[in-house]
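Colleague: Turn these sequences into a full structure, and let the hints steer you where they fit.
Here my numbering runs 14 ahead of the position in the sequence shown, where the first position is 1.
Honestly, the hints are just simulated from the structure, not real lab data. Hints may be right or wrong, so weigh each one.
What the hints assert, rightly or not - Derived lysine-lysine pairs resembling DSSO-like cross-links, with alpha carbons at most 27 angstroms apart:
hint	residue 1	residue 2
1	K87	K125
2	K155	K87
3	K155	K125
Claimed, not checked - Pairwise CB distance ranges (calculated):
hint	residue 1	residue 2	range
4	A39	V146	35 to 43 angstroms
5	T82	N152	22 to 30 angstroms
6	Y95	K155	24 to 32 angstroms
7	G93	R60	19 to 27 angstroms
8	E103	T55	15 to 23 angstroms
A virtual CB, placed ideally from N, CA and C, is assigned to each residue, including glycine.
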Amino acid sequence: MAQHRDYIYLDTSACLPEVVEAFEAKRLEIEAHEADLAVLTAEDRRLAIISFVREPVSFDLSEVREITTDDAKLLASTGWYLPLDAIQELTPRAAYELSNHSGTLSLTGLKDIDEESATLLSRHRGPLLVDVNLLSPNISKILSRNS
15 MAQHRDYIYL DTSACLPEVV EAFEAKRLEI EAHEADLAVL TAEDRRLAII
65 SFVREPVSFD LSEVREITTD DAKLLASTGW YLPLDAIQEL TPRAAYELSN
115 HSGTLSLTGL KDIDEESATL LSRHRGPLLV DVNLLSPNIS KILSRNS
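Modeller: Here is the structure:
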């Protein structure tokens, strides 16, 4: 699949009207910062991430505390700076998806990561920001292979 370096817009013309209405209401709520991204339900977090992918200046991802594999895959499809600093742990599958991201990836809150996830994350194609003071020396060494 070719990489797209511009905005991607969701064509809602083929969606059910109630789906479009629900998506738009949630998007407006998120953009108005009425929703705290740290405590969103999985479905609402997914809508927030879709909104971010469509328009990265719509809100800040730095309060997102957990990320699913699907969320990671969607975010990795962008080349934008991803400030995911509230995430403290990362699964191998999410690490694999994020490794496909080409922009700056900030995970300065990351504390709990196993060697498999660290190895996958070290393959990230762009700059990787972590706080080595929060990680074991072995994990820090693995992540330092990111170039």
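Colleague: Next step is simple, just say for each hint if it's right about the structure.
Modeller: Going through the hints against the structure:
no.: 1; hint: K87 <-> K125; in the structure: holds, 21 angstroms
no.: 2; hint: K155 <-> K87; in the structure: holds, 25 angstroms
no.: 3; hint: K155 <-> K125; in the structure: holds, 14 angstroms
no.: 4; hint: A39 <-> V146: 35 to 43 angstroms; in the structure: holds, 42 angstroms
no.: 5; hint: T82 <-> N152: 22 to 30 angstroms; in the structure: holds, 26 angstroms
no.: 6; hint: Y95 <-> K155: 24 to 32 angstroms; in the structure: holds, 25 angstroms
no.: 7; hint: G93 <-> R60: 19 to 27 angstroms; in the structure: holds, 21 angstroms
no.: 8; hint: E103 <-> T55: 15 to 23 angstroms; in the structure: holds, 19 angstroms
Consistency with the previously given hints is maintained throughout, with no hint failing.
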